[in-house]
Amino acid sequence: MAMADIRNWNEDEYRASIVAEGASTTSTVFAVDFAPTRSLAPDRVTTASSDGSVAIYPIDMPSQSLLSHGLEEKEFCRCQWNAKPLLRLSPHDGPAYNLLTVGKGENALLLSCGDDGCIQGWLWQEIDGAISKGRDHLRANLELRNPQQRGPQSALLPVPETNALASDPEGKHIFSAAGDGCAYTWDLETGKVAMVFRGHCDYLHCIVSRPTTNQIITGSEDGTCKVWDCRSGFCVATLDSWNATKSAKMAVQKRPWVSCMALDPSENWLVCGNGGNCGTLWNLPVLEAATRIVTLAAPQAVAFTKDQIVVAGAWPRVSRFSFGGTLLSQVTCAPYSTFSISVHPSGITAVGGYGGIVDILSEFGSHLTTFSCK
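Residue numbers for the sequence shown follow our numbering, beginning at 1 and rising by one.
Since the hints were made in silico from the structure, they are not lab data.
None of these values were measured; they are calculated from a predicted model.
Quick reminder that beta carbons are idealized off the backbone N, C-alpha and C, glycines included.
The reader is advised that the hints may include incorrect statements.
What the hints assert, rightly or not - Between beta-carbon pairs, the in silico distance windows are:
| # | residue 1 | residue 2 | range |
| --- | --- | --- | --- |
| 1 | Ser-266 | Val-19 | 46 to 54 Å |
| 2 | Gln-149 | Leu-327 | 39 to 47 Å |
| 3 | Gly-365 | Asn-82 | 24 to 32 Å |
| 4 | Asn-243 | Asn-10 | 56 to 64 Å |
Stated by the list, open to error - The calculated DSSO-like cross-link candidates involving lysine-lysine, where the alpha carbons are at most 27 Å apart (straight line), are:
| # | residue 1 | residue 2 |
| --- | --- | --- |
| 5 | Lys-172 | Lys-192 |
| 6 | Lys-104 | Lys-192 |
| 7 | Lys-172 | Lys-104 |
| 8 | Lys-133 | Lys-104 |
| 9 | Lys-306 | Lys-104 |
| 10 | Lys-84 | Lys-133 |
Can you build the whole structure from these sequences, using the hints too?
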């Protein structure tokens, strides 16, 4: 029987290795977004993860010749475990929750936000330059931090986390959804808060911008979506999925939270994911709930593509629904729990979630490539 040599045993290193292994197997990609490209098909993807990292990864797509010959999915699906990023950006001090690209051309800016209450920004022009020079790290050009509020007896409260981002079309202002139940408008030229939107009873999960009406919409743990006027800062409507009179009541939970939301290109339709294992499609011009979408578990990411609603969440499926709530298709995805969906104009979809896994799907549901960000 072989004997182990324990004369140089280091208990601290052993314990640290166990913790590191556990952390790597339970890492989560909270946000995934396609990087800007001049080609028709995406070639890079940006991720924000539970370890605070923000990184750019290449997409190893199967060649068009393979796809055109109609080979079976298993023949061209590329699995890359522990994929190496093209570039790592300044990490957050805690999980990174969301990504957003604002502006176009030389002024295009990549933004990230996280549990440390910080919004960081990098110029895409500098990101591309760093990748071409073979650099492995890039510091942020912009850093914004949520204001610290005062509690009872004027005691300073912890800096609230920033959970989601949105922007105006010009890229001059960004909007953030924070853990103190407030949404903030940030002026990118001054780096200061231009307006605060108060009215939710709990922290915010998501936010979208509605430029044609100069509004933003926020979704909260309190179970409501609120529509805000960006000029006055006032709430002009509250969308309550539970009390919506023209849609069926949810049977699972009495007061479901709003976990995610998306606005269609016409800005007339809003879909939000609710904690009661369903989603709700809102007709914004009349402020009515049009459709209840029943899902297998709690939705955690939603998106619009063409005339369909894409939904994923706490189940290993990417589902597509009609505006009437009919299930059109369902594709198995690599993450057991998905937290982010990004749909490219070409129809290619990226999902990220539990295990630090990113799965790239074709317009028809085939798996083009899968990799982990460990």
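Here's how the hints hold up against the structure:
| no. | hint | verdict |
| --- | --- | --- |
| 1 | Ser-266 x Val-19: 46 to 54 Å | 49 Å, holds |
| 2 | Gln-149 x Leu-327: 39 to 47 Å | 43 Å, holds |
| 3 | Gly-365 x Asn-82: 24 to 32 Å | 26 Å, holds |
| 4 | Asn-243 x Asn-10: 56 to 64 Å | 59 Å, holds |
| 5 | Lys-172 x Lys-192 | 12 Å, holds |
| 6 | Lys-104 x Lys-192 | 22 Å, holds |
| 7 | Lys-172 x Lys-104 | 12 Å, holds |
| 8 | Lys-133 x Lys-104 | 22 Å, holds |
| 9 | Lys-306 x Lys-104 | 23 Å, holds |
| 10 | Lys-84 x Lys-133 | 16 Å, holds |
In summary, the structure agrees with every hint in the numbered list given earlier.
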